[in-house]
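There are 2 protein chains.
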Amino acid sequence: MTPNTNYQKLKESYLFHHIAQKTGKYLEENPGTKLYRMGIGDVSLPLAPAVITALHEAVDDQAKKATFHGYMPEVGDPELRELIRAFYGTRGVALDLDEVFVSSGASDELGDILDLFGPGQVSMIMEPAYPAYVDANIMTGNSVVHVPAGKENGFLPVPADGEKALAEARAAGEISGGPDLIYICSPNNPTGAVFTKEKLTAWVDWAKEKDAVIIFDAAYEAFIEEDLPHSIYEIPGAKECAVEICSLSKTAGFTGTRLGYTVIPKTLVRAGLALNPMWVRNRTTKTNGVSYIIQKGARAVFTDEGQKQIHQNIAVYKENGRVLTETFDRLGIWYTGGKNAPYIWIQCPGGDSWAFFDRLLHEVQVVGTPGEGFGACGEGYFRFSCFGSPEDTRVAADRLWLLLKEELGK
Amino acid sequence: MTPNTNYQKLKESYLFHHIAQKTGKYLEENPGTKLYRMGIGDVSLPLAPAVITALHEAVDDQAKKATFHGYMPEVGDPELRELIRAFYGTRGVALDLDEVFVSSGASDELGDILDLFGPGQVSMIMEPAYPAYVDANIMTGNSVVHVPAGKENGFLPVPADGEKALAEARAAGEISGGPDLIYICSPNNPTGAVFTKEKLTAWVDWAKEKDAVIIFDAAYEAFIEEDLPHSIYEIPGAKECAVEICSLSKTAGFTGTRLGYTVIPKTLVRAGLALNPMWVRNRTTKTNGVSYIIQKGARAVFTDEGQKQIHQNIAVYKENGRVLTETFDRLGIWYTGGKNAPYIWIQCPGGDSWAFFDRLLHEVQVVGTPGEGFGACGEGYFRFSCFGSPEDTRVAADRLWLLLKEELGK
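Quick note, the sequences are listed as chains A and B, same order.
For what it's worth, my numbering labels the leading residue of the first sequence as 1058, then goes sequentially.
For what it's worth, my numbering labels the leading residue of the second sequence as 1058, then goes sequentially.
You may find that some hints are simply not true.
To list a few chain B residues with every Cβ distance to chain A over 10 Å, as calculated [unchecked claim]:
#, residue
1, Y1071
2, D1099
3, K1121
4, E1209
5, L1223
6, A1224
7, E1255
8, D1284
9, S1306
In the BS3-like style, the derived pairs of lysine-lysine whose C-alpha atoms are separated by at most 27 Å in a straight line are [unchecked claim]:
#, chain 1, residue 1, chain 2, residue 2
10, A, K1396, A, K1462
11, B, K1121, A, K1365
12, B, K1375, A, K1122
13, A, K1323, B, K1121
By construction, these hints were calculated from the structure, which means they are not laboratory data.
Keep in mind the model is a prediction, meaning the values are calculated, not measured.
Every residue, glycine too, gets a C-beta built ideally from N, C-alpha and C.
Same shape as in the complex, but just chain A (with noise of 0.2 Å):
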């Protein structure tokens, strides 16, 4: 037998690794010194006190007999369901019970799902993106097609610039039909960029023109504080063409306790097959469910205490976003995000990223990511994370004004 040969076609990714090797050699050469790590993904706040006793409740409820839960529905506790579903009519979206699936959330969702379409489908990535959208398709078979972003498009490409790359693609011979699936991650992950509505809308019609399906990741949509989609079914026609991801990990600090959605309409069909009904027979067939303790947990954030306490947190994130852009603002730097997202994304001084990471440890303690490792357009750019403590986000921010005002003549 031969194993799944796709993995060979996938390309190491050294960029948190060459992160932490350039990190640790400049520790082991300064010990004790502090850095202020601008650059992680991951939350730094606690879950709020609404979930906390949710999950104590749960747990109570697994050490007796009477309130003991077994197996969970495949697709997820009916009340949380009915709490996400009632969640999107507060964003003017109306969707059937059935059509909400509870997830282990948004990165196992976002791999899985490709199960619907088999491989030999062609994918449109626009980048710069999360890193784990190409290697899912590589493995399992599909054709990658990156769509690239930057300044001139504030990093937000149109269906034109996808129509470029695809007819790119088709003349180095690397693909014949497609598009067959589209990824949109607003707002996005690195760049914090936002669709508008009007955009995002020449998204849904070309996919429909096309036949294809788009996979919104909506993870940050909690983070939008202008008037911007949270959802793209706030888009006329979406529910035709998208299945939506999303995820509590950055909104409500559930990155190591693991809960997400996903919407399918019954109304997104292609070749005759409905995908929803296609999403329940996988979900029967290869999952026995979200844990009830989570899911337990994950009720409260839907209750109005739950809602107050989370966006408490996400206020703290905020702030950090302003702290930080408010520097890039002065010293004239040009970035995208910040405000209706958890990252931003600065044009770095200099051009090269790599360089530019390595005088910010250096000079300044300041760890960021290299925009290289988001895809080759992130080149000569630098994200900045909000989720830090707002104190390193603070000596983080002076020190990168210190350090940059007078080569920017401020």
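Dock chain B against the given chain A, drawing on the hints supplied.
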């Protein structure tokens, strides 16, 4: 775009739907009647106190910034992996830490593991079997060769049975190559039959000869009390041909709490590709690990106290098995399982398994599972589960004795 058309090849599973329909109708016609449910595959006893304590501690950890856990390692918490590694040591199986992966449960992993192999594999599934084995393979585009078991081999097929099934599938034009994957569940669901070292050695040798990979489902290993293999790695050579998938669902009552573990030896290599690093890459791409809370709870299972407590629960289920098998012994009914497994698989008096189901429901209000639902060769057999309450199991056994003793000449 065309979605995965393999889903159209799936057969609907009517087993549990039919059972629910029939019992529902009976209760409608006989309101208030108590049913003795001996069909359930879910546990009924709560989690062990040591696990509950650890789960509460883990929830408290998530409430404070100093102890909060974000993203966990995708392959599992190192402390838990070490405990599982040490647990295998008590079985005489030496593993490296990085051969152990923590999962959300066996059913999740049994589906996901197929990612390692890609479409077009010839998968041999010994029947009667857990229906998800077949469906997961069909979804992914593999060919399924059903290897029937029966009374003549004690529901434990030998490689010659596999050869015969392969030859028939080849003659029918259903497959060309293979075998690639061989599914073995021991102790078996639904039959409760357990492979001896000798019988398992025959499969390991055959798999190696054929260059195939065994997927060994050890979900019920904790129920073994005789000198029978708990792990396939007790068999020499298995580390060169087998993946083992295990779960705390039945061992520690985690059906609704969700945690399992998978072993992929580093010496498992096919066509020059080592499966262990491929699985690391799969997990780091397609998951963000299992919930910190649940992993901390699972750690308690592997402590001395935890092991003692979970075996107290298992002893309750085993006593149910004793009560039922004693009745079948007195009635002279042929069966497998019940001793080293939580299932008992009886030959139906009268033959037809759905007729026997109806008779038990209507005459003695006992609900079991017709064997036909686990594959064609299950017709004429019937599964009883040992996971019910001791009180109900006692009543069910007494009623079966009274119903059948005269016609069976006792």
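Results for each hint:
Distance to chain A confirms Y1071/B as a non-interface residue, since its nearest Cβ pair spans about 13 Å, more than 10 Å. Distance check on D1099/B: its Cβ comes as close as 4 Å (rounded) to a Cβ of chain A, failing to clear the 10 Å threshold; non-interface status is violated. With 10 Å as the threshold on Cβ separation, the claim that K1121/B sits away from chain A is violated: the shortest Cβ distance comes to roughly 6 Å. Under the 10 Å C-beta cut-off, the non-interface status given to E1209/B relative to chain A holds; the minimum distance is some 29 Å.
For L1223/B, the condition that its CB be more than 10 Å from all CB atoms of chain A holds, with the nearest at approximately 13 Å. Consistency note on A1224/B: stated as away from chain A, and its beta-carbon is indeed over 10 Å from all of that chain's, at 18 Å minimum. Distance check for E1255/B against chain A: the nearest CB is about 25 Å away, which clears 10 Å, and the non-interface claim stands. Residue placement check: D1284/B keeps its beta carbon more than 10 Å from all beta carbons of chain A (closest about 31 Å).
Non-interface call for S1306/B relative to chain A: violated, since the shortest CB-CB distance, roughly 8 Å, does not exceed 10 Å. Simply put, K1396/A and K1462/A have alpha-carbon atoms about 23 Å apart, close enough for the 27 Å limit, and the pair holds. A threshold of 27 Å between alpha carbons decides the hint, and for K1121/B with K1365/A the separation of about 18 Å falls inside it, so the pair holds. Note on K1375/B and K1122/A: the hinted pairing holds, with a Cα-Cα distance of about 18 Å set against a maximum of 27 Å.
Note on K1323/A and K1121/B: the hinted pairing is violated, with a Cα-Cα distance of about 41 Å set against a maximum of 27 Å.
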